[in-house]
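Asker: Read off the chains here:
Protein chains: 2
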Amino acid sequence: MPTAGRHCMIELWGCPARAIDDPQTVREAMLAAIAASKSTLLSECAHRFAPQGVTIVGLLAESHISIHTWPEHGYVAADVFTCGEHGEPEAACLELARVLGATRHELRTIERGHPGGLAHAVAERSG
Amino acid sequence: MPTAGRHCMIELWGCPARAIDDPQTVREAMLAAIAASKSTLLSECAHRFAPQGVTIVGLLAESHISIHTWPEHGYVAADVFTCGEHGEPEAACLELARVLGATRHELRTIERGHPGGLAHAVAERSG
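Just so you know, the sequences run in chain order A and B. Here the first sequence stands for residues 1 to 127, numbered as in our numbering. Here the second sequence stands for residues 1 to 127, numbered as in our numbering.
Quick caveat, the hints were computed from the structure, so don't treat them as lab data. The C-beta atom is built at its ideal place from N, Cα and C for all residues, glycine as well. Check the hints yourself; a few may be wrong.
Per the computed footprint, the stretches of chain B lying under chain A, defined by three or more beta-carbons under 8 Å from a beta-carbon of chain A, are [claimed, not checked]:
id : region
1  : 6-12
2  : 62-73
3  : 77-85
4  : 96-110
The task is simple: from the sequences and hints, build the whole structure.
Answerer: Listed below in structure tokens is the structure:
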């Protein structure tokens, strides 16, 4: 089969706790990331944990986006998977880093749908 | 910070097209996987694409699960992320392989929340 798509994982550190503990801020970051990747949101689920932390997952016409926050550590784990050739999941991840105010990030992209593909990054970036 | 959790990606091949094009079958596979990983489903979003293909994403108390199917290729891309020490995301992935009738799979686990962690598998398995 052709490549199913690109799956990016990003680690964000140094995010302001107040921002990433606010469901509305995290949702706005998700929407900005989806716009940056030229993807389409079909539906979403969100949850605010007690005493802190937010998860939001978005079902995309092109696959999915997830954002999980640990305000107590200024840390966010996110992933963006876009099927086909036209999505820009790396752009989505970097937009998350920008909007959520990360001072440091690590990004890794893998191609899904290829035998052996999980083990090889097609893009790696940190900043 | 301590490890945020383990994030598993699994590729499934050889899945019967009829099974993986049926939203109910895919949802039941998700529920079985969540049970296998001892996780808790908080909410979910699902979509059936035209002419074929299903996406379901589940928001877990422990992070998320996603399943994307390509019936025309007998292929499924899934991921399971469980935060903390007690989730068993590998068990969830292997349960998906079993329930969806994959003839071949590849699984890779990474630890989230560690600098440099995206580049190193903590578990890799195929079968």
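Asker: Could you work out which earlier hints the structure fails to respect and list their numbers in ascending sequence?
Answerer: none
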